[in-house]
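Peer 1: What follows is each chain in one-letter form.
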Amino acid sequence: MKHNLILRVVAKLLIPIIVLFALYVQFHGDFGPGGGFQAGVIFSVAFILYALVYGYETAERVMPESVLRVLASLGVLIYAGTGIATLLLGGNFLDYNVLAGTPLAGQHVGILLVELGVGVTVSSVMLLIFFAFVARGNS
Amino acid sequence: MIDYLINIILLAFLAITAIAILRIRSLLAVIMLFGIFSLLSAGLFVVLDAADVAFTEAAVGAGISTVLMLATLALTRDHEEKPPAHQPWLPLVVVVITGLALVYGTLDIPAFSDPDAPSQLHVAPRYIEHGLEETGVPNLVTAVLASYRGFDTLGEVTVIFTAGIGVLLLLGRTRRRKPKEDEQ
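So the sequence lines, in the order shown, correspond to chains A and B.
The numbers in this note's numbering rise by one with no breaks, and the one at position 92 of the first sequence is 780.
The numbers in this note's numbering rise by one with no breaks, and the one at position 65 of the second sequence is 278.
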């Protein structure tokens, strides 16, 4: 893929837009369609496009597999940790009302944290799976 | 009326794609058709006003799955051996009878989007009437997914995480040291 000038230029233009759209879907999920799952997938697509055009080794340098493994677990930890935090604050597991001063503010914080956990885990697991397949094909 | 027309066109294309998937022997073409199938389903979900589901179907079904299946295909052979030799009469009879039984079953269920259907009378009114004031989230899908059914979603995230671990265990690079280094 070293000589495909058009592909490389178009990918370079598209990747920032894809990442921006993923962040929009992630943090606008309360108000429009979308949420952690979709945002995570879109975010990982940006890196998959990068890997397809610039090669697996380059993409692996940008987003090392060891970092992805930590991120995949971190997402689940953020989600479950939100649940534990509500337990410690005196509520039920994943009852966000106790997270902030008013129940509504608590719900807002809780949903934001939980969706963040979903997004982080989904995007890093998708990338991990893709990298596992590609690395296997290269060796 | 226009909804009706769009539904018929989308469903017709879905059927054509499904038959094409069955008939075509090239796996690369089948993967492409799977992507088209997912995109058509996403269109159907949009017509049904299920924007969140359509979004997921388009991103996961048409996007990521296609890429992952292509990556799998790169590891394996890219065509099927040959068409099956036996006659498909028995499977056809089984499928037709099962299909007729399912159609017979649909005669008894409530009409599509009937507000008095039992499934709409349980928790759905509570979500619709109190969702906004209880969670402060205008998108009801997000309110149900992240707040009312947060425990469910935690399970889903864990499933995805487990799937990732499984693939890594099966396909991940094993960091074996070379035998010479072991001896020294």
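If you are wondering where the hints come from, they were derived from the structure by calculation, not from laboratory data.
Here a beta-carbon is modelled for each residue, glycine too, at the ideal position from N, C-alpha and C.
Hints may be right or wrong, so weigh each one.
Said to hold, decoys possible - Quick list of simulated restraints, FRET-style, between CB atoms:
#	chain 1	residue 1	chain 2	residue 2	range
1	B	Thr375	A	Gly825	17 to 27 Å
2	B	Leu383	A	Leu777	38 to 48 Å
3	B	Val306	A	Leu775	50 to 60 Å
4	A	Tyr712	B	Gln300	52 to 62 Å
5	A	Leu693	B	Ala324	30 to 40 Å
6	B	Leu235	A	Ile703	48 to 58 Å
Claimed, not checked - Computed far set for chain B versus chain A, every beta-carbon distance over 10 Å:
#	residue
7	Val273
8	Ile277
9	Leu281
10	Val308
11	Thr319
12	Leu320
13	Gly363
14	Thr366
15	Gly377
Peer 1: Holds or violated: is the Cβ of threonine 319/B farther than 10 Å from all Cβ atoms of chain A?
Peer 2: 29 Å, holds
Peer 1: Determine whether the Cβ-Cβ distance between threonine 375/B and glycine 825/A falls within the hinted range of 17 to 27 Å.
Peer 2: Holds, at about 24 Å.
Peer 1: Taking the shortest Cβ-to-Cβ distance between threonine 366/B and chain A, state whether it exceeds 10 Å.
Peer 2: Per Cβ check, threonine 366/B is inside 10 Å of chain A; nearest 7 Å; violated.
Peer 1: Can we trust that glycine 363/B is non-interface, i.e. its beta-carbon lies farther than 10 Å from all of chain A?
Peer 2: 4 Å, violated
Peer 1: Far enough from chain A: is every CB of that chain over 10 Å from the CB of valine 273/B?
Peer 2: Violated, since 6 Å does not exceed 10 Å.
Peer 1: Mind checking the hinted window 30 to 40 Å against the Cβ distance between leucine 693/A and alanine 324/B?
Peer 2: 57 Å, violated
Peer 1: Against chain A, does isoleucine 277/B keep a CB gap of more than 10 Å to every residue?
Peer 2: 5 Å, violated
Peer 1: Is 52 to 62 Å a correct range for the gap between the Cβ atoms of tyrosine 712/A and glutamine 300/B?
Peer 2: 54 Å, holds
Peer 1: Beyond 10 Å on every Cβ pair: is that true for valine 308/B relative to chain A?
Peer 2: Per Cβ check, valine 308/B is outside 10 Å of chain A; nearest 33 Å; holds.
Peer 1: A range of 48 to 58 Å was offered for this pair. Does it hold for the Cβ distance of leucine 235/B and isoleucine 703/A?
Peer 2: 37 Å, violated
Peer 1: Taking the beta carbons of valine 306/B and leucine 775/A, is their distance inside 50 to 60 Å?
Peer 2: This hint holds: roughly 56 Å between Cβ atoms.
Peer 1: When you look at the beta carbon of leucine 281/B, is every beta carbon of chain A farther off than 10 Å?
Peer 2: 6 Å, violated
In the structure shown, a violation is registered for the earlier hints numbered 5, 6, 7, 8, 9, 13, 14 and 15, in ascending order.
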